[in-house]
Amino acid sequence: MLNRQGRQTDTGEAAAAAPGTFTGNRALRIEEALIFEIGRPEVTGVDLEEGDGVVPRLGGLERAARIGLPGLSEPETLRHYVRLSRMNYGIDTGVFPLGSCTMKHNPRLNEKMARLPGFGDVHPLQPASTVPGALELMAELGRWLCVLTGMPAVALSPKAGAHGELCGMMAIKAALAARGEKRSLVLVPESAHGTNPATAALLGYRVETVPARSDGTVDPAEVEKHLSPDVAAVMLTNPNTCGLFERDVVAIADAVHRAGAYFYADGANFNAIVGKALPGELGVDAMHINLHKTFSTPHGGGGPGAGPVTLSAALAPFAPVPYVTLEGGTPRLVEHAGEGEAGRAPFGRLSAFHGQMGMFVRAMSYMLAHGSDGMRQASEDAVLAANYLRAGLKDLMSLPFGDRPCMHEVLFDDHWLDGTGLTTLDFAKAMIDEGYHPMTVYFPLVVHGAMLIEPTESESKASLDLFVAALRDLAMAAHRGDKARFTGAPHYAPRRRLDETRAARTPVLRWTPPQPQAAE
Amino acid sequence: MRYLPLTPEDRSLMLGRIGVGRIDDLFADVPAAKLLPRAPDLPPAASELAVERTLGRMAGRNVAAGAVPFFVGCGAYKHHVPASVDHLIQRSEFLTSYTPYQPEIAQGTLHYLFEFQTQVAMLTGMEVANASMYDGSTATAEAVLMAHRVTRRRKAVLAGNLHPHYRATVETVSAMSDHAVAALPPQPDGREDLLAAIDGETSCVVVQTPDLYGHLHDLAPIAEKAHAAGALLVAVVTEIVSLGLVTPPGDMGADIVVAEGQSLGNALSFGGPYVGLFATRARYVRQMPGRLVGETLDAEGRRGFVLTLSTREQHIRREKATSNICTNSGLCTLAFTIHLTLLGEAGLRRLARVNHANAVRLADMLSAVPGVKVLNDTFFNEFAVRLPGNAAGIVERLAARGVLAGVPVSRLEPARPELADLAIVAATEVNTDADRAAYVAALQEVL
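Keeping their order, the protein sequence lines are chains A and S. Start counting the first sequence at 71; every next residue gets the next number (our numbering). Start counting the second sequence at 12; every next residue gets the next number (our numbering).
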């Protein structure tokens, strides 16, 4: 209850310097301990009726020793995680221009749909006769992905982008084996995501790096130089990680196919071209699609992702189990090689069940909501927004490949910081104080001190204008030598800069009980 | 379109500021012949109400686990998840954040991942755990690859009662990487002699406990034999709740423990997303795949958390990385750790006891049905039954009577007709006396 009688209503001494606090808290910013420091093993936040005991059938393998797990009551649990959540920056907090990650709006309708009992509460191994709607959803999602990529087939089961890469490259390896060939090389441009070479290496391929030409794109002549009968595939991201569309992609694809190799496309940047161009028409044989990027399923602090792979006719027969096929228009789940249609030769299985169904529902919800026209508009808006930032910042920051249109993300290097004594990291940390999540920094590796900014289609013009104004102000501060805004940044985040060297040198990867003090 | 803030006027102002006349000027690098003149042939935008109708109709065609007596397991389990778990994971600061690349504004994620790593280490009886993998099966494949790195050998021995989908996942990666796999045949009675299969070439032995058919295994003799041969023991747990009642693999000599964590906090969701757990000994930490969170200090000396030991990872090491994994299962990890924090040790132990007791009750009731035989001497919350007839047909007829009775083994092992009369039946805390009675009544009707 608020009594207004006798209560001071002016601002008092509020303008005076802020003193410290007993708790270390700062009003709404509250420090939180670890559950191991506040929980107790005998406390539980879950009640459960326990019936009469039974004679155990554990064969003498009962767990006797204390596990050490702390428990919290329900109110304590809520408070713990709510406080933690407030130390995080999310898309709903503000601009999250993390290049190559497509941090677009996550519609809450998607969440509601994924939680419908008919999707969220069905088991992957209950009889197929009890899940026709789940199979229908998978078939429909697959159809939309095929239409949007212009490719004839899709493997839905990969669980993330890197898992999709693995799937696509396995299909390529299987297709080569079916031709009686064993090739040993994979070509990867130097601007590629680290997952590309890591995936190729996992499958036993040697990786050869193709350098970019001076405009940041891949030169088909350079690819030709590296091509040989020993090359299994070229892995190309398009639009590439410099935010540029590989304008010679068709010539590259032709050269790759002439050499008997396959064209793997990393679809991480698909958001730039949905409804504008079809990867299948560009000569792509396999492309993974990050549903958590292009199709708005939540990033969730680092996952779960979902990485369906669309496949060309040449690779389609090798798609892994399980998959959904249409028989007379009715979806059927194929879980084992040999249960599918003639001509299929699945290369194997990528995980226990059918894929990230929860993400499929969310992505389908996004696609239905946007429709074909809305997705095309979203891509146009994403590209428009990135170019708008380019136009607003190019006189103060440096574009490594000249002033030319970019796709859905704009790449700056750190050349413009020369002589300021400041780094890309300093600039990024100062953005945190301004209330922004920094852009992707130091990636791609092909430019020095990279700053890769991807605003997505979810920002309003007013939001983009304020973002440009804030970055311009910071850039000018850097040029005039106002180092204090940078070198100590962030000043206003829940933590100041964290000592990563210390963390790596003496790894503390779990909580351990404090050692009792020796008696004096 | 409700998700797109730009108006037509905004767009033309922005094009003007950029200095181009039309949007396609920005797509000039796309070969003109490949630039689509209009949106592909798919339905147009739809209202929230319309989308709900479409998806609601599809969802309505499925039988939800919570709507029927439900006994399906084999790697995914129907458990009750407290309401506060789903509420908390929808806090948008958790839901809409990303991999914590900027730790100063991602302490929430890093803090709970540090707690998660500790909980997983405690639960499995191991020294360190990572910040999660995609699921139990992919974690198993990664464990085999890690064992190859540690031992510099290239052959994995898989127990016959490893979940067949896990086996196939390992076999697929191994075949593609030219590594050898010796997969033993299934032993539904749980009596398998693994020791003879371990030789000087073996990099690891992969054993699931409780196994596919529900049998519990004392891993100590297997660990002893494996270690004597210079191999590692990889233990697989597909029902993590079991570790509230059963001796953890870490206490029986396992070198790597991988598990499916879906049972805590996560919905069945037709197979995913789930959360893979990965734990090992401290001496192998630099060979681990996946993200790791470590404790450190900030510039003011306050405790904080960061991603660490990233020199193992693909974004630094590229083709020399320990794994190509990038994403983890962030939000599923959060659901897991919140549920386990709510349970605590006391709650987890009780949950495990109730699961076991319900399975014992069900096993006794099914055993009493003429022609039905339970194969297990030991189990946690799942066991195998031999039915008088084709199990897939019986399970289907039970489904028609509104009981989802289990998994016919033929669904997982179609190439082994000798297993066609077996089904695997799971019981959890959600099953009531009425559910069990309905199961038995329906079974008697269809037999």
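These aren't lab readings, by the way, just hints derived from the structure by calculation. Hints may contain errors.
Said to hold, decoys possible - Cut-off 25 Å, straight-line C-alpha distance, at most; resulting in silico cross-link-like pairs (BS3-like, lysine-lysine):
id : chain 1 : residue 1 : chain 2 : residue 2
1  : A       : 252       : A       : 182
2  : A       : 252       : S       : 45
3  : S       : 166       : S       : 331
4  : A       : 252       : S       : 236
5  : A       : 295       : A       : 252
6  : A       : 553       : A       : 464
We went through each hint and held it up to the structure:
| no. | hint | in the structure |
| --- | --- | --- |
| 1 | A:252 / A:182 | violated, 47 Å |
| 2 | A:252 / S:45 | violated, 33 Å |
| 3 | S:166 / S:331 | holds, 21 Å |
| 4 | A:252 / S:236 | violated, 37 Å |
| 5 | A:295 / A:252 | holds, 20 Å |
| 6 | A:553 / A:464 | holds, 22 Å |
In the structure shown, a violation is registered for the earlier hints numbered 1, 2 and 4, in ascending order.
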